[in-house]
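So the sequences go chain by chain: A and B. Residues in the first sequence are numbered from 1 upward in steps of one, following my numbering. Residues in the second sequence are numbered from 1001 upward in steps of one, following my numbering.
Just so you know, not all the hints are guaranteed correct.
[As the list claims (entries may be wrong)] Quick list of in silico lysine to aspartate or glutamate cross-link-like pairs, EDC-like style, CA-CA up to 16 Å:
no.: 1; chain 1: B; residue 1: 1416; chain 2: B; residue 2: 1374
no.: 2; chain 1: B; residue 1: 1161; chain 2: B; residue 2: 1141
no.: 3; chain 1: A; residue 1: 259; chain 2: A; residue 2: 290
no.: 4; chain 1: A; residue 1: 156; chain 2: B; residue 2: 1141
no.: 5; chain 1: B; residue 1: 1458; chain 2: B; residue 2: 1498
no.: 6; chain 1: A; residue 1: 183; chain 2: B; residue 2: 1466
no.: 7; chain 1: B; residue 1: 1476; chain 2: B; residue 2: 1463
no.: 8; chain 1: A; residue 1: 183; chain 2: B; residue 2: 1463
[To be verified] Sample of chain B residues at the chain A side, in silico, Cβ under 10 Å:
no.: 9; residue: 1097
no.: 10; residue: 1157
no.: 11; residue: 1370
no.: 12; residue: 1541
[What the hints assert, rightly or not] Stretch-level coverage of chain B by chain A, calculated; a stretch enters the list once three of its residues show a Cβ under 8 Å from a Cβ in chain A:
no.: 13; segment: 1069-1082
no.: 14; segment: 1595-1608
These aren't lab readings, by the way, just hints derived from the structure by calculation. The structure displayed is predicted, hence computed values, not measured ones. For every residue, glycine included, the Cβ atom is placed at its ideal position computed from N, Cα and C.
What follows is each chain in one-letter form.
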Amino acid sequence: MEKKNNWPGGFYSLHPALAFGYFVFLFAAAMMLKHPAYLLTLLLVVTAVAWFQGGARGLIRPLPYYVLLALVILIANPLITSRGRTILFYFRDLPVTLESIAYGAMLAVSLLTVLIAFIGYNAVITPGRFLYLFARVAPRSAFVITVAMRFVPLLKRRMKEIIQVQQSQGYFHYKKKKWLQAKEAMDTLHTLVSWSLEEALQTGISMRSRGYGLGKRSYAVVYRMERRDKLALWWLGVTGVATIVGAAAGLGRYSVYPKLLPPDFSNLTVMHYVGFVGFVLTPVVMDAREVLRWRNIRSNM
Amino acid sequence: MAQYQIEHVTFTFPEQTVPALSDISLTIAEGEFLLLCGATGSGKTTFLRQLKREVWPEGHRSGEIVYEGQPIAALSPVRAAAEIGMVFQHPDAQIVMGNVQQELAFALENLNLPPAVIQRRMAEMVSFLGMESWLRQSVHELSGGQKQLLNLASVLMMRPKVLLLDEPTAQLDPIAAKEFVQVLQRLNQELSLTIIIAEHRLEELFQLATTVCVFAQGTICDQGMPREVIERIASRGEEALLPLLPSVSRMALQAGAPGAGLPLTVREGKAWLAALADQQRAGTGDERTRGPELPGAAGKSISGDRVGREAERVREAANERQQQTQDSRDEQGGFGQEGSVRAGSRLGERAAAGIGADRAAVLLACRSIFFQYEKEGPFLLHGCSFEVQAGELLAVMGGNGAGKSTLLRLLTGLLKPQRGNVELASRPLAKWNLQERMEQLGYLAQNPLLYFNRDTVKELLDDRLERLGLSAQEQKRRLHELQGLLGLEPLLHAHPHDLSGGQQQKVALALVLLADPQVLLLDEPTKGLDPYQKHRLAELLERWRRGGRTIVMVSHDVEFAARYATRCALLFDGQMIGPEATGDFFRQNYFYTTAIQRAAGGRWPELITEEDVGRWRQGLGLGERSM
């Protein structure tokens, strides 16, 4: 169920709560900090995280769709809004402004960042870890979700088996009318449901015989806070809080409307930016160290 | 102290008048290995389920079940769940979680134990059972044997004192079953766990059990040490109970041994046969000519000798089945006398013509097939070629995951090979009309539930007939014929899910046979059947085949194949070894063969099934002397 991670010793091995917190921060930053320097940094960072965590394949496979989506927004925004003072040209009587183009570009980068960040998120916060994080809040629902998750691939495999048998029994053969095919598909479902219910009965008995429903359940999986986790917590805490406080004070914000101005590069902003980079770059540094370590081990052999 | 004291327990299912269990009294000691045997429906599962409160069936119960001095109904819920563990028949249906680790933790999480305890017990359990390498796997990636071991481990995590097992190896292949039984033996001997097991596959269990209870019609009809019970059954010669004995014991019985001192294991069987040979040598007083290498070679070197001639006869007897097949091909027609209408079918004619010209007409051929499920996956079959002859029963054997079921689906055309092709009557499957092809090739999957999408058996049959597009008269005729063949009459108005496993399989078989296929392809038809049901299935297949029709089955069941198949083959490493005539096939094998062949093979390689032994014994004419 859980895919193997490329660098299990790096960011992936951090306590899931920390990793979860990191990604929440990342999503929030991608949506709120519209400063071009911040945004581009974020885009690079999430790409690197996705690369390390999801592997080249995990990153590249969905990328064309994400880029396409971003392009649509990039083009659509100036066509939809005419806000902004600097009119560049008219498109079918519609004023196209520099500001709306810039805003569209920022929106596109922001969206692309969030989408790519999800690649890394899915690779690090696996379903099992997500459940671990929420088992303490809602143990019953967590258990139900775990069991239900097993059923999706299970039912798919069963469906395939049933369809094969039905084919051998003369189903789905002839180019019949659509509604007849739909009827046969209903038969497939009929078989699937009754078979699964039959098994569910047995599963229920087996669960009861192993003490299910006796009362409060515990949760076997534990992630302990290691020394390294505490260090990471300290580091992420300091840089994270600094970034949030700075952002609340208005640093790292940027607005293109009503008129595009050069972004703010005051000393304070640069300091804020450094703290921000320190925060977001943490997993990249951890994974890069992991890569280097293995390279060293190999070259020393 | 007695673990269980069962006194006068009677149990009746709802809306039934005849009790499923009547007046059963039994004391089960701590550390006992109790084997419950008997035919399906004899009450052994019902009895087993009385011993654990959580799995009590609905119905009326009287009498008393006392667990460690306390009535079972009065046990605390945690104690009842943890101390009495139960493993069921179907490996898949018992599993709750998605991966092995979660499943192991499941029971202890229910008991609300802290993670540290769960972790420690899991560590112990995993190393005890050697599960390290698949601990992190998803459940669906496991083999049947691994799944069942996982179910056992998950129960053992609670550290039970009693282990109840309801036909735990019925769905497993013989090797996985043996491994499972060995684990039970370790648990019993190393931890003195009380084990109570209901099972059909008794060969190994008879040697492990300390006590055997034979169930019949809801009562315990015999009880005692395994050897005593076997000897009693043998000396009484009850037809109904004989199939329960180990095949080596049955062999000795066939060969005319008295009930007392029956061999149970292959080792004892070998010694017993050696003694028989000595006795025979002494009886005839001619040691040199009647040495241990009695039949095979002897048949040629001392052909004038009486024993040599008898050995020749043994070989003939062993090959008799093939000859029967060939004879029966002449009576082309249906199952029964009324089958003449169908003989006019295209394929029937072609096959018949082929048989007329050459006795071994090829009906279905596999021409160097390559197959893989995924691009990155391994080649399950590579360069697999073999031919199926008209009128034979070909058994394809092979280990777990050798690709037997896949091969069957390829032969049916449900899967398409990457390379190579399957030919039906010398015509590639792809060139057949889809519907025609599916009517010629009858495919019976392992799980009969896959066939059921109506609420009664009759509706299922009617729907199937409708799909075949036959005339009303023909529909009626086929239905009538099949009802006669399979005895479906009493099942017609039942819901298919309410039937027993054997009946469900019969209904699925009926659905397949309604198309009157030329070739019947069976996937593990004997899985989960008791010895009686197996015998009935074999009879049924034999009758159906008698009309010149052909059967291909893939199976783990060596004993079944040895008794009923005309040819056998072994699928290994994506290729086919064989097919060869059943006798030749098993004679050349060393492990992958019947218990009788393993016991007798050294001296008399012709002896493979107990029938062979019986014929051989009659041939030798020794029966009267030693009795």
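A quick look at each hint next to the structure:
1. 1416/B x 1374/B: Given pair residue 1416/B, residue 1374/B holds - Cα atoms ~13 Å apart, limit 16 Å.
2. 1161/B x 1141/B: violated, 31 Å
3. 259/A x 290/A: With a Cα-Cα distance of about 45 Å, the restraint between residue 259/A and residue 290/A is violated, given a limit of 16 Å.
4. 156/A x 1141/B: Given pair residue 156/A, residue 1141/B holds - Cα atoms ~15 Å apart, limit 16 Å.
5. 1458/B x 1498/B: holds, 14 Å
6. 183/A x 1466/B: Holds - the C-alpha atoms of residue 1466/B and residue 183/A are around 15 Å apart, at most 16 Å.
7. 1476/B x 1463/B: The given pair, whose Cα atoms are some 13 Å apart, holds under the 16 Å limit.
8. 183/A x 1463/B: At roughly 13 Å apart (the allowed maximum being 16 Å), residue 1463/B and residue 183/A satisfy the hint.
9. 1097: Constraint on residue 1097/B satisfied, holds at 6 Å.
10. 1157: Result: holds, 9 Å to nearest chain A Cβ.
11. 1370: With a minimum Cβ separation of about 20 Å from chain A (threshold 10 Å), the hint on residue 1370/B is violated.
12. 1541: Residue 1541/B check fails; min Cβ-Cβ to chain A is 18 Å, beyond 10 Å.
13. 1069-1082: Since three or more residues must qualify, the claim that chain A covers the segment 1069-1082 of chain B holds, with 4 doing so at under 8 Å.
14. 1595-1608: It is violated, with 0 qualifying residues against the three required.
Hint check: violations occur at hints 2, 3, 11, 12 and 14; the rest are consistent with the structure.
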